[in-house]
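J.: Chains as they are written, first to last, in numbering that gives the first Met the number 0: chain A, 0 to 205; chain B, 0 to 199; chain C, 0 to 249.
Since the hints were derived computationally from the structure, they do not count as laboratory data.
In this text, a Cβ means the ideal position worked out from N, Cα and C, and glycines have one as well.
Don't take each hint at face value.
Claimed, not checked - Stretches of chain C that chain B covers, calculated by requiring three or more beta carbons in the stretch to come under 8 Å of a beta carbon on chain B: (1) 120 to 131; (2) 158 to 171; (3) 200 to 208.
Stated by the list, open to error - Chain B residues, not near chain C, derived (Cβ > 12 Å throughout): (4) T26; (5) C30; (6) P70; (7) N71; (8) A72; (9) I98; (10) P99; (11) A102; (12) D107; (13) M122; (14) E143; (15) P153; (16) R157; (17) E160; (18) S181; (19) F197.
Listed below, chain by chain, are the residues.
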Amino acid sequence: MLVIVFGGAGRTSAAETAAVSKPELEAKIKYCEICHGHSAEGFEGYYPIPRLAGQTPDFIKYSLQAFAERTRTNNIMFHVARVLSPDMMAALGAHFHDLNAKPLGAGPTDLVAAGKEIFETGVEPRGGGRIKSCSSCHGDNAEGNQDFPRLAGQLDDYIVDKLTNWSKEFGQHPSKMDVSRIMQPIAEALTEAQIKAVAAYLSSLQ
Amino acid sequence: MKLTRLNIAILAIISFAVPAWAIDVETPKRCTVCHSASFQGLQPAPRLAGQRYQYLFNQLSDLGLHRRDDPNAKLFMWPVVATVNPQTARELALYLSTIPPVAAEDGDAELIASGRKIYQEGMPEANVVACVACHGPNAEGVGEIPRLGGLAYPYLRRRLEQWGRQGGYNEATRPPMPHVASNLSLKQIEALASYLSFVK
Amino acid sequence: MKLITSYRGRGTEVGDEPMVLSFPSAPAGTPREGCRRRIVKASGLRLALQLAIAVVVFATAAGGAATKALAFSSHELAAKIAYCQDCHGPAGQGYRGFYPMPRLAGQQVEYFEDQLRAFVEGRRLNSIMSPVARSLSPAMMTALATDFRAFNPRPLGGDRRELAAMGEKIFQDGVPEQNVPACAACHGPEATGIKQIPRLSGQLYLYMVKTLTNFRKDRKEHLSDVMYPVVESLNKRQIEAVAAYVSSLR
């Protein structure tokens, strides 16, 4: 049996993979959308539940694996991910990538300008050194690129929560090679005000 | 009368059988003196037939502890219940709850419609709750909430007046009845009692 | 203020095993005594809260360009609260009437208000609550929601405890094999809810079962259609388990 792995954009329907049946996939998508929103735009539950629409397929696959292996800790997503086959993860990644919902939870508009500045030019942390622009990895329009996630239109409070608590949730198996490592020093170097600003900016992007 | 024969038959069966709960023949007989041979009630004593088991048991308990203290209860029931032990009370209540009730139908028939409206819909502007919420669509009650359907008009009216008028008069009556009744006017009580006396 | 006497614990339901109460009553210092004291204390607190709410409502009503200076008197509010309590319990903990009347205590304000509006607009169907809700002004709805939010009685509880562990698993972890999401994702790990998502902790078991079973039938409310796929993925046993679990939560 040919196992089809979905990469970037431009693929045909995710349902065409041989290993995941159409009804199974559709049921699973519907299930994801209960929490992540009708069009995967995200949802303000008790926790801010992130937007998946337009996300890079690689990042979705990577995240689901990380949840299942608990290198990224989240009890709810652990249980979601642990039953997913790699093919299903890939199929979901492809499906959500194709969605294009309007942003759900924009942050305070007065912070947007400052956030844009940070996103496009980076920051100089107090402790010295330089953090380069977010756009250099996440794309000029925060659209993401392979393993670097799309941030455009993400929920404001979700971004704030992740950047603030990065090392508590990501990279939980120090011995494992984990792409999220890159963000750790960045998240730690950003001040609270900078986090809020960049979150406000990103959540406003289409 | 069919009912009387049936009751005697039941009593006979009970007294001769060897059930897990054994009610003596004498105890129910004593009740019939006031509550009538068929337990359908005889003013001022209310119908006991078909009443909810838990409600009957609770009343016996409250009467025994003198928590239920409306005038008739004090006068007639306190001495009687003093001789009833908890086990007998349980058996009595169970037995009475199995007897098919007969509606008294002694209210004012012209008030049925207005009484039904209050019962089924309440009066939200007057902060009167719909009785149906707790007592059920046929006033059948549930658990420790009594069946009201078919009880005698004078009894229902008297009880509603007692709660509404006196407030803490019946210490045994827990929320919400004293408050519910306190929002009812006399006319509304008459309508409710009339309607309920006809409910089967 | 009328003194509220102690509130007896609920009796058996139809068809249940007869419950045995022992004569004479329990000695002083037992839960029933404590319950009475708690409720009396709560009514003093509640009066203060009601007056505070009335003041706030007056202030905001007067501050706006409203034609009426006062939305309602503190007496009216107190009377309306007592009316709600007739069915929903002396401290809003719910009541097992012929129909199970849900707990209101500690409910999210936005959710509470939205449900009352839903009863008025027919987005939520209930023949008892629709006339009730129609008698309430928007200001009164807000005041009631705020008031009941502050109550914190113990749950009525005691239902199907043997299913609570199973219910906890479903609630916290979901059932991914059945595409049932974890309730905690939206309702919170302690089922407290947030904003328009209702608190479930301490809710009546029977009410939860009824609600989950009849969800699509009773609620055409746009915010709650997120629940449709959830309830459709749960089987009867799982509904009972989740209900048992949340009904036990403080």
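J.: If a hint holds in the structure, say so; if it doesn't, say that too.
T.: Verification of the hints:
no.: 1; hint: 120 to 131; in the structure: holds (count 3)
no.: 2; hint: 158 to 171; in the structure: violated (count 0)
no.: 3; hint: 200 to 208; in the structure: violated (count 0)
no.: 4; hint: T26; in the structure: holds (16 Å)
no.: 5; hint: C30; in the structure: holds (18 Å)
no.: 6; hint: P70; in the structure: holds (19 Å)
no.: 7; hint: N71; in the structure: holds (21 Å)
no.: 8; hint: A72; in the structure: holds (17 Å)
no.: 9; hint: I98; in the structure: holds (16 Å)
no.: 10; hint: P99; in the structure: holds (16 Å)
no.: 11; hint: A102; in the structure: holds (19 Å)
no.: 12; hint: D107; in the structure: holds (25 Å)
no.: 13; hint: M122; in the structure: violated (9 Å)
no.: 14; hint: E143; in the structure: violated (3 Å)
no.: 15; hint: P153; in the structure: holds (25 Å)
no.: 16; hint: R157; in the structure: holds (21 Å)
no.: 17; hint: E160; in the structure: holds (17 Å)
no.: 18; hint: S181; in the structure: violated (8 Å)
no.: 19; hint: F197; in the structure: holds (19 Å)
The earlier numbered hints that this structure contradicts are 2, 3, 13, 14 and 18.
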